[in-house]
Structure formats: structure tokens, C-alpha cells
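**Student:** Letter by letter, the chains look like this.
Protein chains: 2
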Amino acid sequence: VPIPRLLPPALAALLGSGCFAAAQAQAIDATNGKPRTMGEILEASAPSDWRALDPDHTLYMDLAAGRVVIELAPRFAPAHVANIRTLAREGYWDGLTIYRSQDNFVVQFGDAEEDPDARSPLGSALQKLPVEFTTSASELPFTRLPDIDGWAPQVGFSDGFPASRDPETAQAWLAHCYGTLGAGRGLDADSSNGTELYVVIGQSPRQLDRNITTVGRVVKGIELLSTLPRGGGPLGFYEDPAQRTAIEAIRLASTVPPAEREDLEVLRTDTPLFAELVESRRNRRDDWYLRPAGHIDLCNVPQPVRERPEVTE
Amino acid sequence: VPIPRLLPPALAALLGSGCFAAAQAQAIDATNGKPRTMGEILEASAPSDWRALDPDHTLYMDLAAGRVVIELAPRFAPAHVANIRTLAREGYWDGLTIYRSQDNFVVQFGDAEEDPDARSPLGSALQKLPVEFTTSASELPFTRLPDIDGWAPQVGFSDGFPASRDPETAQAWLAHCYGTLGAGRGLDADSSNGTELYVVIGQSPRQLDRNITTVGRVVKGIELLSTLPRGGGPLGFYEDPAQRTAIEAIRLASTVPPAEREDLEVLRTDTPLFAELVESRRNRRDDWYLRPAGHIDLCNVPQPVRERPEVTE
Chain A
1 VPIPRLLPPA
11 LAALLGSGCF
21 AAAQAQAIDA
31 TNGKPRTMGE
41 ILEASAPSDW
51 RALDPDHTLY
61 MDLAAGRVVI
71 ELAPRFAPAH
81 VANIRTLARE
91 GYWDGLTIYR
101 SQDNFVVQFG
111 DAEEDPDARS
121 PLGSALQKLP
131 VEFTTSASEL
141 PFTRLPDIDG
151 WAPQVGFSDG
161 FPASRDPETA
171 QAWLAHCYGT
181 LGAGRGLDAD
191 SSNGTELYVV
201 IGQSPRQLDR
211 NITTVGRVVK
221 GIELLSTLPR
231 GGGPLGFYED
241 PAQRTAIEAI
251 RLASTVPPAE
261 REDLEVLRTD
271 TPLFAELVES
281 RRNRRDDWYL
291 RPAGHIDLCN
301 VPQPVRERPE
311 VTE
Chain B
1 VPIPRLLPPA
11 LAALLGSGCF
21 AAAQAQAIDA
31 TNGKPRTMGE
41 ILEASAPSDW
51 RALDPDHTLY
61 MDLAAGRVVI
71 ELAPRFAPAH
81 VANIRTLARE
91 GYWDGLTIYR
101 SQDNFVVQFG
111 DAEEDPDARS
121 PLGSALQKLP
131 VEFTTSASEL
141 PFTRLPDIDG
151 WAPQVGFSDG
161 FPASRDPETA
171 QAWLAHCYGT
181 LGAGRGLDAD
191 SSNGTELYVV
201 IGQSPRQLDR
211 NITTVGRVVK
221 GIELLSTLPR
231 GGGPLGFYED
241 PAQRTAIEAI
251 RLASTVPPAE
261 REDLEVLRTD
271 TPLFAELVES
281 RRNRRDDWYL
291 RPAGHIDLCN
301 VPQPVRERPE
311 VTE
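Residue numbers (the working numbering), protein chains in the order written: chain A, 1 to 313; chain B, 1 to 313.
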């Protein structure tokens, strides 16, 4: 865990609460009976507290500005994820664009062409997919948060994804948090096929939960999306095609030569260490905080990511 | 209310939920007993549903890219707001910079100089101010939302500001939502004087509530802040001073020649129309939504802003 330089009080003004918290963890103090801070917890983590991303379910979106790394959620949307993997393998998005950026909401990418006859060919991917707004919760791992939530009966993490669950219907679904990836659709529930994807870049739009199929989350590089100029048209679409951002390629990590892959690990969400980390954010004990909140929202829980550490003897 | 062009389903993918919703309201349908959508509600609003910004409590932050309009909250932080008005009147920020941009958290601006002897002079502004984390709720207008909230006993709107209230302590405070403006501080509770200000540009960091003095909110132009390149240093500080964004000037609107002022109105939050608008977002009835959420979070409530309409006979 990198330790930031200490900033003088005038500039230290605010302590970190970023999504990619590992890089922003605070300085480590000697513990003396106090609950550990997030920085201390990450520093004390064991290799088994982390998991590598599965290259068969990881996408690299390469832009001129850099790479966005996306983790797909096959347990939540198997048909969509399978189609997206096919699309990526066949280079569907290469040369297409990010054509929408709506402030405090989403960026969206895919084929901006509206004429059905002029759209990019789907190759072996399917045009029609089943609706996958929710999935059966019965065999899904779920680390529940005790915190109340207005949008769902239960919230927590499943395989590292922020998720919700309803014991009455025995269904679960991904929550729309910062960085969540979804499959855009039209008015018909089953009109998404995974070609038009969006990423949340603002306040969690949880009203979308169970109204659209969510397929993954950004684990690295979201700032390349969140800082894109906003589109001037309705809903943040760019009015001039020249304003769109070119996608050099979206590839499945497993099809990328190993030397060009990212070697990332994400913090597991089903461990005692993760529970301690959530508590350290629910009740901040950093010196700066005078009043711990006693609560945390699902979408405020940090999801640390790191480069896989080199093994040293 | 501008009506967006209709987008074909492939691109219409997602309906708007932006902070500055007036510009993104959906197309108006004839009502036939259905609850009205936000677009219809705004279209039907009366002049008395809106209020003009008070030029004595409005800041214009002029950047090369455009203007950010900020509404100050004197009822919540009278001493800080008075100091900020003095600083603006005397041109404190003119030529200073935005020196921090942390993804999914805040941008921060003021004097990046860390050497106390080299910092910009405060002029007639005060160096020390009282802590104003909360204020007495007893005479504060408060339109309460019925929705549950994990961070505070009660949430709602006060003079257009998203706020929280605790009946036990009879205190109220501004909530850290997207666009909230706060006064950065160091480790000491009373170390803010209003020169170093931050704006929330990500998931609402409500853990900051009651830990820092909040002084206002951005009502227009936040995209000029939210799209700034993120700082590469710890906590999003720019490592190279050349990466900072210059502030041309921050002025109190009342000191700006009338011809150069913004003529903005914000939707009042203490009206039946506003209550109907919140309900239209709590339970979306737009054709696109299949499952109304039955809930809305304080920080998901849109806060419409418009140019004052010209009076026509």
C-alpha cells in the first residue's frame, strides 16, 4: 500500500474516500488498542485476502488516454456476459466510440449509428438475449452489510460486486454504484444485447436497479471515463460526432499476450479482513474525523485494487 | 423546459437523472390519469414555484472553460459565508487555482501555497472562524422527505439545500451531496476559514457530514469541475503545479455589472409542486421504467435550475 506524503493541515483538508482506495490509504500509525484504519488493515492483509482477476472475465478498454479495466459478472448476467465476451473476442468495439457522457450519471459506448442497416455487424454474437435484471440468490455468495438501505431489503457484496438481495423473491441483483457497468436498452425490457454499455460516473442511480441488466464493474481507470467532456445534447449525447472518444479496442484479457496484461488483484469481500475494513469506514477513527457516522452506504464502501506484489524471499 | 429530440431505442438506452434536470427533462406526453413525470411537472410549474438566486449570496467562479455558479448557505454557516463574501469582494481567489481533483470525491481550490509566510493575504477577512458543522434547527425551514436514511434521523430540503436534522439535538446541517461546497480544514475542528473550498464530484460522502463546515452548493457549471483531470498525487493533489487550473476570478454576483450576471432561477423546495416532483422520481412512471423504486435518497433528488423565462404578453 503506497503511503502518501503527509500534507500540512492547510492542504490536508480532507482525507481520502476514493473508490480506488488502496492508492489513497492514509499513513500508518502505530496501533495502541484503537481500531485499525483502512490503511493499517490493508497493510496487514495476507495474500489470501486478495484475488486475481479472471482473465476470461476481464475486459481491457484501450483509449488513447489509457486503459480501463472491467470485471464482468457472469453469475449475475450469464447470457449478456457470454455475448459481451464474444463481441470482445471478435473486436466488435474496435474503432467504435464513447458517444455519451452525462454529468453525475453515466458514460455510454458502443455503436453510435442509429440506422439498423448501417450498424456494425454482430458477428457470432446474438441479437436477442433474455432479460437478466435479477438472478437467483440461492447459490450466490453474499456477504451482507448490517446497514439499512432504502432501495433493497438487503445489501452486501457478492464475489466483490456491490449487490442487493430480496429474501422474499430469492432474487439478487447488482447495485448501480459508481463504476457499475450495465447493458443499455430501449423501451423493451429485452432490447439489450450487450453492444451498448454504460458506466456509472456519478451519485449511485439505484432507481435503475432491477430495471436493466448489469454486467460488471470498472476496477481500474474509471477516471478516464469520468473526466470525459460532457455531451451537450439531451441525456449527455455528443451533438457533434467529432466530440466522441474513439475506442482503440476492447479485448478479453485472456486473448491479450501475457506481457501486455494488467496484473491486478482486488480485495476479497468475503473475509474477516474485509468486514474490518468496512467497519473502519462505517466508523472512521482517523484523527481527522470527530464524529464517526455509524453507518455506511453500499456504494460508499471502498473496493481496493492493487498490482500483484512481487514475491520476495 | 427544453424537450430533447426523441432517440431511437438503441441509443435512448437510459433516461436522464442528472443534477441539472431541467435541461434533461423527458418529452411531455398527454396525461391520462397517470402521475405526471418530472418533465410534465416542470412544464406545468408556475412562476411562484421558482426563486431567483440572491446576488448577495451567489458566487461566480470564472475559469477559462466557463463559469461555475455557487449558491451560499448563510443560514447554515453564517460566519464562514460572511468571510467568503469578504474574500470574494476583495478578489482573494483571483489568480489562485484548483489544485486538487480526486476521482469520485472532491475538487478543491484556493491557495496551494503551503508556506504560511508566502500565502495570499487575507485582507479584511478573518483568519479564525467558529466551527459551524451544524446549526440550530429551530427556526430553519425544513421540507422533510419520508424516505429512510442511514446517515441522519431526518433528511429533506432547507431553502433548496439538501440537509439533515436531528430532533434530539435540535440541530441541522447540510448533507454532502453531489455539488455541495465545503470549507476544507486541517486536523483542528476550527482550522477552516473559507479560503480552501471543495466541491463534491462523486458518490455522496455523507461520512463528512457534521465533521466539517459546509457553506453552499454548485447550481450551474459543475461539469467544469467534475471533468477536470484527476491529480496524480495522494488525495488527488496535482503533483506538478502546471496541472492546476487557474481561477480567473471568484466574485459575488452583486458586485458584477448586471449585464454580466446569470439570470437563474432554482426550483423552490417548499412547494406542493416540489413534493410532486420528488414523488415522480421516487416512483418513476416514465415508460422506460418497469419497477418504480418506492424510495429516493436525499442526494438523488434533482434540483432543477433554469434561465429566468422572458415575460411574454
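Don't take each hint at face value.
It does not matter which identical chain is meant; a pair holds if it fits inside one copy or across any two.
Below are the SDA-like pairs computed for lysine to any residue, each with C-alpha atoms no more than 20 Å apart in a straight line [as the list claims (entries may be wrong)]: (1) Lys34 x Arg308; (2) Lys34 x Val69; (3) Lys34 x His57; (4) Lys34 x Leu187; (5) Lys34 x Gly95; (6) Lys34 x Ala152; (7) Lys128 x Trp288; (8) Lys34 x Glu113; (9) Lys34 x Arg67; (10) Lys34 x Leu126; (11) Lys34 x Arg291; (12) Lys128 x Arg89; (13) Lys128 x Ala275.
Calculated directly from the structure, the hints in this document are not laboratory data.
Model, not experiment: these values are computed from the prediction.
**Student:** State for each hint whether it applies.
**Tutor:** Checked hints:
In this homomeric assembly, Lys34 and Arg308 never come within 20 Å of each other (Cα to Cα): the closest approach is 29 Å inside a single copy and 54 Å across copies. Taking identical chains as interchangeable, the C-alpha atoms of Lys34 and Val69 are never at most 20 Å apart, the minima being 36 Å within one chain and 43 Å between chains. Taking the shortest alpha-carbon separations for Lys34 and His57, neither the intra-copy value of 39 Å nor the inter-copy value of 43 Å comes in at or below 20 Å. In this assembly of identical chains, the alpha carbons of Lys34 and Leu187 lie at most 20 Å apart only when taken from different copies (18 Å versus 53 Å within one copy).
When the C-alpha separation of Lys34 and Gly95 is checked against a cutoff of 20 Å, the pair qualifies neither within a copy, at 53 Å, nor between copies, at 43 Å. Neither within a single protomer nor between protomers do Lys34 and Ala152 lie at most 20 Å apart by alpha-carbon distance, with minima of 33 Å and 25 Å respectively. In this assembly of identical chains, the alpha carbons of Lys128 and Trp288 lie at most 20 Å apart only when taken from different copies (18 Å versus 52 Å within one copy). For the identical chains of this complex, Lys34 and Glu113 are neighbours neither inside a copy (57 Å) nor across copies (34 Å), given an alpha-carbon limit of 20 Å.
In this assembly of identical chains, the alpha carbons of Lys34 and Arg67 never lie at most 20 Å apart, being 39 Å within a copy and 45 Å across copies at closest. In this homomeric assembly, Lys34 and Leu126 never come within 20 Å of each other (Cα to Cα): the closest approach is 55 Å inside a single copy and 36 Å across copies. Taking the shortest Cα distances, Lys34 and Arg291 sit within 20 Å of each other inside one copy (15 Å), while across copies they are farther apart (45 Å). Taking the shortest Cα distances, Lys128 and Arg89 sit within 20 Å of each other inside one copy (18 Å), while across copies they are farther apart (61 Å).
In this assembly of identical chains, Lys128 and Ala275 lie within 20 Å of each other by CA distance neither inside one copy nor across copies; the values are 40 Å within and 40 Å between.
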